[in-house]
Amino acid sequence: MQLKRVVVTGIGTLTPIGNNLNDYWSNLINGVSGAANITLFDASKFKTRFACEIKGFDPTQFMDRKEARKLDRFAQLAVVASDMAVADAGISTENVDVDRVGVIFASGIGGLTTFQEEVISFAKGDGTPRFNPFFIPKMILDIAAGQISMRHGFRGPNFAVVSACASSTNGIISAVDNIRLGKADIILSGGSEAVISEAGLGGFNSMKAMSERNDDPATASRPYDKDRDGFVMGEAAGVLVLEEYEHAIKRGAKIYCEIAGGGATADAYHLTAPHPDGLGARNVMLAALKDAGMKPEEIDYINTHGTSTPLGDGAEVKAITEVFGEHAYKLNISSTKSMTGHCLGAAGVIEAIACIQSVIHDIVPPTINHFTDDPELDPKLNFTFNKAQKRTVNAALSNTFGFGGHNACVIVKKYVA
Amino acid sequence: MSDIATRVKKIIVDKLGVDEAEVTNEASFTNDLGADSLDTVELIMEFEKEFNISIPDEQAETITTVGQAVAYLGEHAK
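Chains as they are written, first to last, in our numbering: chain L, 1 to 417; chain U, 1001 to 1078.
Chain L with its partners taken away, still in its complex shape:
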């Protein structure tokens, strides 16, 4: 069976460095940090007191107050990003077959803040259960996919995908495969995460996973720097409108790029630590290249997982040098988490968007906050430190890895009719 081609025809996003695609891209290539002191709750007693929050987000600008109240922040962001993507793609129930438009939407954690609030409220009572009837449908991770379908009336395949920080990349791959196999014409895919709350921050803090550079939040996310001390938590949402090529052509859609392929593997090694040799990371890039039918030499840019943790960054770089050999030195490599922080389940989609923009504009966004070379890392690699670089980007690869040892990788390439 001949697999169908899949193109991107719409993008919507809310990130710590821009609440729409243009602002996000402009700040990415200008090296703007999204990190600052936490405003979403009182973090004064926490080891880490900063994060990459989305700025100035008021859900009631996009939906009525009653609706907003029934959505956890992660789902509010998802719905708003889907509105942007749908408008950008120019689709509606009027011009598509709604039974063939799906939503495959990811989150790493879902409505953790709602869970936290409801359980606190129960614990403060006398033991009488007074859980809000919206507690469960607000909290469950799949509700974003459900809400997006209700918002737009799309009745095709609809579910959530979870693999911690690899979630939205796995979601995109699943959406692409569904379209390739002819099971849908269009799938809205992406992810959303919003866990900058007591439970979210406190939980990751206990794992010693996050930077504690409270005196200088803007430079705390410093992937590949010798003095990196952990990731900076971010929140974001992103939605791609993925469309079968002929369908897009037939309706005269604007085409951003083509999704060449993707891969998924496991480390089968440890709860949170990456395989020291980057085994799963190596295998997932090989799997994605094979799926895309591409040679390593055809990749120009790798948007790494690069969370700014001491172990993770090194393991991924080792995997890149193994997969790409001599070509590794001709690549541009960057971690845009240096600017956005680590948006967990939404990281995959916002980084895929960075890759798409890179392929369209032939600019590679930088890894900012580089001060000191890490002697453990090969100095001949081009990490695109501190400044964006212009170069032809025919194809870009995005890696994401999640706690549990999940690895997912997607490759985007320039659209050529």
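Mixed in with the good hints, there may be bad ones.
As the list claims (entries may be wrong) - Example chain U residues on the side facing chain L (calculated, C-beta under 7 Å, incomplete):
1. 1017
2. 1041
3. 1042
4. 1044
5. 1045
Claimed, not checked - Cross-link-like lysine-lysine pairs, in silico, BS3-like; alpha carbons within 27 Å at most:
6. 55(L) / 70(L)
7. 45(L) / 55(L)
8. 183(L) / 254(L)
9. 330(L) / 380(L)
10. 380(L) / 295(L)
11. 414(L) / 250(L)
12. 390(L) / 226(L)
13. 290(L) / 4(L)
14. 208(L) / 47(L)
15. 1015(U) / 66(L)
16. 124(L) / 1049(U)
17. 1049(U) / 1010(U)
18. 330(L) / 208(L)
19. 1015(U) / 1049(U)
20. 1049(U) / 66(L)
21. 330(L) / 226(L)
22. 66(L) / 1010(U)
23. 414(L) / 183(L)
24. 124(L) / 1010(U)
25. 414(L) / 4(L)
26. 4(L) / 250(L)
27. 183(L) / 290(L)
28. 124(L) / 1078(U)
29. 295(L) / 390(L)
30. 387(L) / 330(L)
31. 387(L) / 226(L)
32. 70(L) / 1015(U)
33. 70(L) / 1049(U)
34. 124(L) / 1015(U)
35. 1010(U) / 70(L)
As the list claims (entries may be wrong) - Cβ-Cβ distance ranges computed for the label pairs, FRET-style:
36. 159(L) / 1013(U): 31 to 39 Å
37. 1014(U) / 255(L): 44 to 52 Å
38. 1025(U) / 47(L): 27 to 35 Å
39. 1034(U) / 226(L): 55 to 63 Å
It should be emphasised that the hints constitute simulated quantities derived from the structure, not laboratory data.
Fair warning: this is a prediction, and the values are worked out from it, not measured in the lab.
Ideal Cβ placement from N, Cα and C applies to all residues, glycine included.
Using the hints provided, position chain U relative to the given structure of chain L.
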């Protein structure tokens, strides 16, 4: 308007996102004010919280209009 009626209507306006003018005694939560089954459960819970009482399920099922809520709470509120 009684104090109880004022408090009841305030909750309804807040939870159902409707205009105060729509919240008449005759208004039905589901037929007139756009509440679904979950909204109705939430309203009853908010009444319980506001008036510090517990409304048994079989009673809750009979409270379907604003007037019924005001009357029930007028009788049972502490």
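Now the hints, each set against the structure:
1. 1017: Check passed: Cβ of residue 1017(U) comes within 3 Å of chain L, closer than 7 Å.
2. 1041: Holds: closest Cβ of chain L sits about 4 Å from residue 1041(U), inside 7 Å.
3. 1042: 5 Å, holds
4. 1044: Residue 1044(U) check fails; min Cβ-Cβ to chain L is 9 Å, beyond 7 Å.
5. 1045: 6 Å, holds
6. 55(L) / 70(L): Holds: residue 55(L) and residue 70(L) sit about 21 Å apart, inside 27 Å.
7. 45(L) / 55(L): 23 Å, holds
8. 183(L) / 254(L): 22 Å, holds
9. 330(L) / 380(L): Within the cut-off at roughly 9 Å; holds.
10. 380(L) / 295(L): The given pair, whose Cα atoms are some 21 Å apart, holds under the 27 Å limit.
11. 414(L) / 250(L): 19 Å, holds
12. 390(L) / 226(L): 26 Å, holds
13. 290(L) / 4(L): Cα-Cα ~16 Å, so holds.
14. 208(L) / 47(L): Roughly 10 Å separates the two Cα atoms, so the pair holds.
15. 1015(U) / 66(L): Given pair residue 1015(U), residue 66(L) holds - Cα atoms ~7 Å apart, limit 27 Å.
16. 124(L) / 1049(U): Distance ~13 Å between residue 124(L) and residue 1049(U) Cα, so the pair holds.
17. 1049(U) / 1010(U): Holds, because 13 Å separates the two Cα atoms, which is no more than 27 Å.
18. 330(L) / 208(L): 34 Å, violated
19. 1015(U) / 1049(U): Holds. Residue 1015(U) to residue 1049(U) sits at ~13 Å (cutoff 27 Å).
20. 1049(U) / 66(L): 19 Å, holds
21. 330(L) / 226(L): Given pair residue 330(L), residue 226(L) holds - Cα atoms ~23 Å apart, limit 27 Å.
22. 66(L) / 1010(U): Holds, at about 14 Å.
23. 414(L) / 183(L): Roughly 24 Å between the alpha carbons, so the hint for residue 414(L) and residue 183(L) holds.
24. 124(L) / 1010(U): 24 Å, holds
25. 414(L) / 4(L): Judged against 27 Å, a Cα distance of about 17 Å means the pair holds.
26. 4(L) / 250(L): 14 Å, holds
27. 183(L) / 290(L): Holds: residue 183(L) and residue 290(L) sit about 22 Å apart, inside 27 Å.
28. 124(L) / 1078(U): Holds: residue 124(L) and residue 1078(U) sit about 21 Å apart, inside 27 Å.
29. 295(L) / 390(L): The hint holds at about 22 Å.
30. 387(L) / 330(L): 17 Å, holds
31. 387(L) / 226(L): Holds - the C-alpha atoms of residue 226(L) and residue 387(L) are around 18 Å apart, at most 27 Å.
32. 70(L) / 1015(U): Measuring from Cα to Cα gives roughly 10 Å; hence the hint holds.
33. 70(L) / 1049(U): 19 Å, holds
34. 124(L) / 1015(U): 22 Å, holds
35. 1010(U) / 70(L): 18 Å, holds
36. 159(L) / 1013(U): 31 to 39 Å: Because 36 Å falls inside the window, the suggested range holds.
37. 1014(U) / 255(L): 44 to 52 Å: 46 Å, holds
38. 1025(U) / 47(L): 27 to 35 Å: Once the Cβ atoms are compared, 55 Å apart, the range 27 to 35 Å for residue 47(L) and residue 1025(U) is violated.
39. 1034(U) / 226(L): 55 to 63 Å: 59 Å, holds
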